[in-house]
Amino acid sequence: MQRRQLLRSAAAFSAATVLSAPAIAQTPKKISFLTWNLVHLEAQIKGWIGGFTASRPGVEVEWIDKKGPEVPVYYATQLAAGTPPDVIDIQGALGLEYAAQGALADLTPRFAADAAIKGRYDQDYLANWVFEGKNYMVPYYVSKTLLFWNKTRFKEAGLDKPPANFDEILAAADKIKGGDKTGMLTLNFDWLYWPLMMMNGVDLLSKDLKTPTFKTAKAEEVLTRLAAATKSGAINPISWTGRWVEPNEAFATGNVGMLQAHAPAFFWIKGKGPWINGDTLGAAQMPGNWATPNSHGLGISKGSKQPDLAWDFVKYLTDSDVAMQFSRVASVLTGNKTVDKAILAKFEKDDPLAFQVLKTQVEHTDKMCGNWRLGNDSRVKDAFWPEFQSAMLGRKDAKTALADAERRVARELKRA
Amino acid sequence: MTSWYQRKRTRELALVACFLAPALTIFFLYRLLPLGWNVLLSFQSWSPLKAAAWIGVDHYEEMLLDDDVFWDALTNTLIFIGCSPIAIALALAIALLVNSDLRGAAIYRTIVFLSYPLMTVAVGIIWRWLYDERGGFFNYVLRSSGVIDQPVKFLQSFDWALPCVIAADFWQVLGFYMIILLTGLQSIPQHLYEAARVDGVPASARFWRITLPLLRPSIFLCIVVGILNSFTSFDLVYVMTNGGPGHATELLITYIYKVGFGQSRFDYAAALTVVQFLLLVVLTMLANRLAGGNAGSLER
Amino acid sequence: MRRAPSWPRHAIMLVVSFLMLVPFYWVVKTSLTGENIYAYPPHIVPVDPHLFHYVDVWYLIPFPRYLLNSVIVTAMAICGNLLFNTAAGYALTKQFPGRRWVVLLFLSCMLIPFQATIIPAYLITSWLGVLNSYLGTALPLLSTIICIFIFKASFEAVPRSLIDAARVDGLSEWRIIVRIMLPLSKSAIATNVILTFIWSWNAFLWPLIVIRTSEMQTLPLGLARFLSVMEDTTGALFAFVVMVLVPGLTIFLMAQKEFIRGLTTGATKG
Numbered sequence: 035m036q037r038r039q040l041l042r043s044a045a046a047f048s049a050a051t052v053l054s055a056p057a058i059a060q061t062p063k064k065i066s067f068l069t070w071n072l073v074h075l076e077a078q079i080k081g082w083i084g085g086f087t088a089s090r091p092g093v094e095v096e097w098i099d100k101k102g103p104e105v106p107v108y109y110a111t112q113l114a115a116g117t118p119p120d121v122i123d124i125q126g127a128l129g130l131e132y133a134a135q136g137a138l139a140d141l142t143p144r145f146a147a148d149a150a151i152k153g154r155y156d157q158d159y160l161a162n163w164v165f166e167g168k169n170y171m172v173p174y175y176v177s178k179t180l181l182f183w184n185k186t187r188f189k190e191a192g193l194d195k196p197p198a199n200f201d202e203i204l205a206a207a208d209k210i211k212g213g214d215k216t217g218m219l220t221l222n223f224d225w226l227y228w229p230l231m232m233m234n235g236v237d238l239l240s241k242d243l244k245t246p247t248f249k250t251a252k253a254e255e256v257l258t259r260l261a262a263a264t265k266s267g268a269i270n271p272i273s274w275t276g277r278w279v280e281p282n283e284a285f286a287t288g289n290v291g292m293l294q295a296h297a298p299a300f301f302w303i304k305g306k307g308p309w310i311n312g313d314t315l316g317a318a319q320m321p322g323n324w325a326t327p328n329s330h331g332l333g334i335s336k337g338s339k340q341p342d343l344a345w346d347f348v349k350y351l352t353d354s355d356v357a358m359q360f361s362r363v364a365s366v367l368t369g370n371k372t373v374d375k376a377i378l379a380k381f382e383k384d385d386p387l388a389f390q391v392l393k394t395q396v397e398h399t400d401k402m403c404g405n406w407r408l409g410n411d412s413r414v415k416d417a418f419w420p421e422f423q424s425a426m427l428g429r430k431d432a433k434t435a436l437a438d439a440e441r442r443v444a445r446e447l448k449r450a
Numbered sequence: 031m032t033s034w035y036q037r038k039r040t041r042e043l044a045l046v047a048c049f050l051a052p053a054l055t056i057f058f059l060y061r062l063l064p065l066g067w068n069v070l071l072s073f074q075s076w077s078p079l080k081a082a083a084w085i086g087v088d089h090y091e092e093m094l095l096d097d098d099v100f101w102d103a104l105t106n107t108l109i110f111i112g113c114s115p116i117a118i119a120l121a122l123a124i125a126l127l128v129n130s131d132l133r134g135a136a137i138y139r140t141i142v143f144l145s146y147p148l149m150t151v152a153v154g155i156i157w158r159w160l161y162d163e164r165g166g167f168f169n170y171v172l173r174s175s176g177v178i179d180q181p182v183k184f185l186q187s188f189d190w191a192l193p194c195v196i197a198a199d200f201w202q203v204l205g206f207y208m209i210i211l212l213t214g215l216q217s218i219p220q221h222l223y224e225a226a227r228v229d230g231v232p233a234s235a236r237f238w239r240i241t242l243p244l245l246r247p248s249i250f251l252c253i254v255v256g257i258l259n260s261f262t263s264f265d266l267v268y269v270m271t272n273g274g275p276g277h278a279t280e281l282l283i284t285y286i287y288k289v290g291f292g293q294s295r296f297d298y299a300a301a302l303t304v305v306q307f308l309l310l311v312v313l314t315m316l317a318n319r320l321a322g323g324n325a326g327s328l329e330r
Numbered sequence: 396m397r398r399a400p401s402w403p404r405h406a407i408m409l410v411v412s413f414l415m416l417v418p419f420y421w422v423v424k425t426s427l428t429g430e431n432i433y434a435y436p437p438h439i440v441p442v443d444p445h446l447f448h449y450v451d452v453w454y455l456i457p458f459p460r461y462l463l464n465s466v467i468v469t470a471m472a473i474c475g476n477l478l479f480n481t482a483a484g485y486a487l488t489k490q491f492p493g494r495r496w497v498v499l500l501f502l503s504c505m506l507i508p509f510q511a512t513i514i515p516a517y518l519i520t521s522w523l524g525v526l527n528s529y530l531g532t533a534l535p536l537l538s539t540i541i542c543i544f545i546f547k548a549s550f551e552a553v554p555r556s557l558i559d560a561a562r563v564d565g566l567s568e569w570r571i572i573v574r575i576m577l578p579l580s581k582s583a584i585a586t587n588v589i590l591t592f593i594w595s596w597n598a599f600l601w602p603l604i605v606i607r608t609s610e611m612q613t614l615p616l617g618l619a620r621f622l623s624v625m626e627d628t629t630g631a632l633f634a635f636v637v638m639v640l641v642p643g644l645t646i647f648l649m650a651q652k653e654f655i656r657g658l659t660t661g662a663t664k665g
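Chains as they are written, first to last, in my numbering: chain P, 35 to 450; chain B, 31 to 330; chain X, 396 to 665.
Any given hint might turn out to be false.
Stated by the list, open to error - Taking lysine to any residue and the SDA-like style, the derived pairs with C-alpha atoms no more than 25 Å apart in a straight line are:
1. P:K63 / X:L523
2. P:K448 / B:W84
3. P:K101 / X:W453
4. X:K652 / B:L126
5. P:K101 / X:E610
6. B:K38 / X:V498
7. X:K424 / B:Q180
8. P:K215 / B:R164
9. P:K80 / X:L446
10. B:K80 / P:K265
11. P:K215 / B:S187
12. P:K306 / B:R164
13. B:K183 / P:K448
14. P:K306 / X:M471
15. X:K424 / B:G176
16. P:K339 / B:P78
17. P:K64 / B:L79
18. B:K80 / P:S66
19. P:K265 / B:G274
20. B:K38 / X:C504
21. P:K215 / X:Y435
22. B:K183 / P:A286
23. B:K183 / X:V423
24. P:K215 / B:K183
25. P:K448 / B:E92
No wet-lab data here; the hints were simulated from the structure.
Extracted from the complex, chain P is given alone in its bound form (with noise of 0.2 Å):
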């Protein structure tokens, strides 16, 4: 009869497609490699990965690159349905986050087995990524904030140097501020505004990322203090409302005295800006040499059916080689240390400007800021940089934002 044969038929369709999805996924020998952002990269790296599966035979590498904020969500859902990207590269703390809810491999053994891959980057970066005490990530690209000084905006304003401590901070800012010229800019997220904190002795956790430590009259001062110069023009209030784009973009008109951010914003700035050269912009760093670093690293997850070969991936890209020809291309310093050494020498020599924003990037390591070790960083951040941001706007007052911060971030710190 025709409808039996009718439903016969659906049912085998929708059992072949059914059944055919994981099917195609078997292949052996086959990694996935998840990237921040790096689409424009997609040349080099597809020679990288042809590099890599050339010499090892039944090899494939998949690559999936994915804007900064979609890769939370897409490595979410991966885990979700049990297939995890194997090597991942993660910004920031997320790399943390991810070590925390146990999704990352332990790297610790690894390095102990092959003591010159640990030996080979910079240690102070590397930490970045150790949570209780164990490695999950290796380096890929590293930076740190620093301070940005419109050299042209401030000889109108009669200074030549870039400020020295918070007070010259602000009192800069507030001489080049008029018109539709504002003094400073800073980028927020991923903590990059606390070198701003910092210089002045306030920090948001005990040494056990146990307690709030923030709410005390000094960090008052400085939120009062803050809000009055974004109030005044002398803090541009993109600072506190932009993400990449917009402050990076007002910075690169020109009309900005100083901008904190961290290395890589200086190509993209270059690009929109043709007033940047040697005598227009200067490099230093913040007062105090404090930094809050944002580099990116390399983990290998947990549920990943290939580690060895993740590992050996991980090894090959970090590795002088292909490292060399990464930070050449994308002009970014990776935390190995020969290998930045080089490219430093480079720069020194083709671009002095670029030289001195990258030098920037591996000094004063040791006065790293914004990156406790917190397993729930986002999460932290999140019950606290709205209350910052309302202080910084004007809705709340800097006392009551930061009692209400402090009850936030308590809160989260109660429920890790």
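Position chains B and X against the provided structure of chain P, taking the given hints into account.
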């Protein structure tokens, strides 16, 4: 004779079962099972990396006592719903205008309804551009007419972001309300109006005494659509503000998405979903009660 | 009987129409203009109109790929709907024990909004192994309750005599549906097709969750991704928007009546 009938009957039942099976499977898999699973999950602690463990009402406790964002999202969702009567009233006014024997009413109808079948993502992008401080329509009008001299950052203002998103939603949903109300208007018997006119009843009384009561089922439907709409406005918020600034435009549905797929806390997101669903049921029942029970229908 | 003057009503409707159409115009204008779209003041009429933004879209993003994905998923949804809804609608016209419960079940499923199901729906789909596939994207949309009831109503309106005559002639049930009932339910079919088309074509949240690679993305996802990839929006984004809206608008304008009828019937049914 009987056995033939029984066999035929069995065959008929088998046929019914077969025919219902595909649709029922889909709904079981994608409506009933998920709802049940959500309820179950909301009482457990589960992650893809750990086995499930029963934790009772912990999630609900966290949600109600510790989660400021939940309350923000809830408030925003309620505001969203609370604004739908405004849209319904506007749609009613337009429906009344278009229902009369106006020349070209069909064209007006089409123009108002044009925005409904659009991809909400596209609507979000269109309105995001309209609100832009540089190339946007609103700032252009306000500045060139001299009302303000600095551009207003609509979607980045803590106070204006939500109303702006709601306005975009109005634009899209107005046509739908209008169509429902038009259908309702057209089913009101004309002789009622004639009789009232003959009796000398003024136009406004005709509206309040005849039109509005007989439109009850349509209005109830619009309210239910409005409630559902606030839950489904994910696309709009995601594209326009992503819940920002801060959490000023965070809706329950966007928060659920962020918690589930951004923080990968599927268990907590399940608890949020259960609360959202209960809210939906309560609001619908409330609307039903206000409309006089029985989905506002006119039969007693 | 004095009729009220019609010009005030026309005036109001013209204002309303203007407000409803401005967003369309503003976007189309931006997609065609040659000026820097961020320069203030924007011009009301496109300056130096050109079609390069549209060309940009074609090259910058895989528009044909997204279009193909959307078309395939929508086609699957429409086929599935026609098949399953017809079958279920027909089954509901018969009397069988438990019929009331099945109807109640369907109606209560309508109360469960999709948003209340996304997370388990994702887990179920992953368990079925169809994540990131056309089938997985179309699966939740393969049947819709409103359309089942539309078919049911339409089938019930078919005169009994026709069906009896066909049975006497020895036609099987499926043949009866195809040969007799469907041809008499053309409007129900049209409504079903159009409603499914709109819901599937515009679907965003579900594809966002289920699709993992950029080759499988549908048009709404492509649009959102374009927005985030080009953080600085360009005229090309708006050309993309226009290109994306054209199919939906065309279908709607061609089949307004069926669409509206489908919405109102379905709406009043439940």
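How the hints compare with the structure:
About 24 Å separates the Cα atoms of P:K63 and X:L523, which keeps this hinted pair within 25 Å; it holds. Restraint check for P:K448 and B:W84: satisfied, since their Cα atoms lie roughly 20 Å apart, inside the 25 Å limit. Annotation: proposed proximity of P:K101 to X:W453 holds, straight-line Cα distance about 21 Å (limit 25 Å). At roughly 20 Å between alpha-carbon atoms, X:K652 and B:L126 fall within 25 Å of each other, so this suggested pair holds.
A threshold of 25 Å between alpha carbons decides the hint, and for P:K101 with X:E610 the separation of about 15 Å falls inside it, so the pair holds. For the given pair, B:K38 sits about 23 Å from X:V498 by alpha-carbon distance, which is consistent with the 25 Å threshold. For a cut-off of 25 Å, the pair hint linking X:K424 to B:Q180 stands: about 24 Å separates their Cα positions. For the hint linking P:K215 to B:R164, the alpha-carbon distance of about 18 Å falls within 25 Å, and the restraint holds.
Under the criterion of a C-alpha separation no larger than 25 Å, the hint pairing P:K80 with X:L446 is inconsistent with the structure, at around 33 Å. For the given pair, B:K80 sits about 48 Å from P:K265 by alpha-carbon distance, which is inconsistent with the 25 Å threshold. Between P:K215 and B:S187 the CA atoms are separated by roughly 22 Å; this keeps the pair inside 25 Å, and the hint holds. With a CA separation close to 18 Å, the supplied pair P:K306 and B:R164 stays within the 25 Å bound.
Restraint check for B:K183 and P:K448: the C-alpha separation of about 37 Å exceeds 25 Å, so the hint is violated. Taken as a hint, the P:K306 and X:M471 pair is broken in the structure, with Cα atoms around 46 Å apart against an allowance of 25 Å. Taken as a hint, the X:K424 and B:G176 pair is honoured in the structure, with Cα atoms around 23 Å apart against an allowance of 25 Å. Pair hint P:K339 plus B:P78 holds up; C-alpha atoms about 16 Å apart against a cutoff of 25 Å.
A threshold of 25 Å between alpha carbons decides the hint, and for P:K64 with B:L79 the separation of about 22 Å falls inside it, so the pair holds. A threshold of 25 Å between alpha carbons decides the hint, and for B:K80 with P:S66 the separation of about 23 Å falls inside it, so the pair holds. Distance restraint check for P:K265 and B:G274: the Cα-Cα separation of roughly 21 Å lies within the 25 Å cut-off, and the hinted pair is therefore satisfied. Distance restraint check for B:K38 and X:C504: the Cα-Cα separation of roughly 31 Å exceeds the 25 Å cut-off, and the hinted pair is therefore not satisfied.
Simply put, P:K215 and X:Y435 have alpha-carbon atoms about 18 Å apart, close enough for the 25 Å limit, and the pair holds. Annotation: proposed proximity of B:K183 to P:A286 holds, straight-line Cα distance about 20 Å (limit 25 Å). With a C-alpha separation of about 22 Å, the suggested pairing of B:K183 with X:V423 holds against the 25 Å cut-off. About 18 Å separates the Cα atoms of P:K215 and B:K183, which keeps this hinted pair within 25 Å; it holds.
For the hint linking P:K448 to B:E92, the alpha-carbon distance of about 12 Å falls within 25 Å, and the restraint holds.
In the structure shown, a violation is registered for the earlier hints numbered 9, 10, 13, 14, 20, in ascending order.
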